[in-house]
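Student: Sequence:
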Amino acid sequence: MTATASAGETAGGPAGGTAGGTTLSRAVRVLEAFGPDRAALSVAEIARRSGVSMATTSRMVAELVRLGLLERGADRRVRAGSRLRELASRAAPAGLREAAAPFMEDLHAVVGHHVHLGVLEDARLLVVERLSAPDAVVDASRFGGRLPAHASSGGLVLLAHAPAEIRERVLAGRRERFTAATVTDPARLRALLADVRRGGFAFCRGHVHPRAAGIAAPVRDARGRVVAALTAVVPNDAGARAQVSALRVAARGVSRALGARPA
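Per full-length UniProt numbering, the sequence shown starts with residue 1, numbered consecutively.
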């Protein structure tokens, strides 16, 4: 990956006014161009979303593909690579994915849609394991992907149990709205987080996509700390709430496997 910036970046940023930054910061912006709305992008789309010049983006994408951090499909569109997914999985606490695997498989057999395991990283939900099905309801999350904590059921669970300074930073910052149901008002979000702590789970209908409902419960370690959230994403219909019990049982199973004592 070359350290030479394009003329526009050296002079204060590419077209659009975004500062060029270092080679590493530009590479991070290229990777962050992928989001819940677009898992596959063209090089031109990556350049536009990242604010990095087209020439630099093209060089960086080629290098990131060579390193396995990105992959280029037959349609020439670029996606997250296997090495990036591997690095994302390392963000999970030791033994978490192994402990969760059998419970996730059982839960997936029950709900028949998406099941994923997430941890909190920089006030975002980072998905470290995911099970899905070809005909499952739409799901904005992906393995190694991130979602704003305030918008997703798993993120709300993790945010509800996070240190107070992290919650206050989210409450004071900008909160993206995905649908009309996304909770962005600080007072409403604070009340929702309190409800999640009291109730022991989050149930979010249409917060990220109108057709999907997210259900999440905390996963605790041997010290009782919430280290992850187990989530099921199911159709946003009358039967969605019926999956809460199965989700909570599975989350408690993962917690016991990690050494947590029964509540």
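Read the hints as simulated data drawn from the structure, not as lab findings. Some hints could be false.
[Stated by the list, open to error] Simulated DEER-style distance windows between Cβ atoms:
| hint | residue 1 | residue 2 | range |
| --- | --- | --- | --- |
| 1 | R59 | G200 | 17 to 27 Å |
| 2 | R211 | D75 | 33 to 43 Å |
| 3 | T179 | G199 | 21 to 31 Å |
| 4 | P134 | I166 | 14 to 24 Å |
| 5 | R66 | R241 | 19 to 29 Å |
| 6 | D75 | L31 | 15 to 25 Å |
| 7 | A109 | D237 | 44 to 54 Å |
| 8 | T22 | D106 | 30 to 40 Å |
| 9 | D122 | T22 | 16 to 26 Å |
| 10 | A44 | G95 | 19 to 29 Å |
| 11 | G199 | A62 | 32 to 42 Å |
We put the CB at the ideal spot given by N, CA and C, even for glycine.
Student: Of the hints stated earlier, which fail here?
Tutor: 1, 2, 4, 5, 7, 8, 10 and 11
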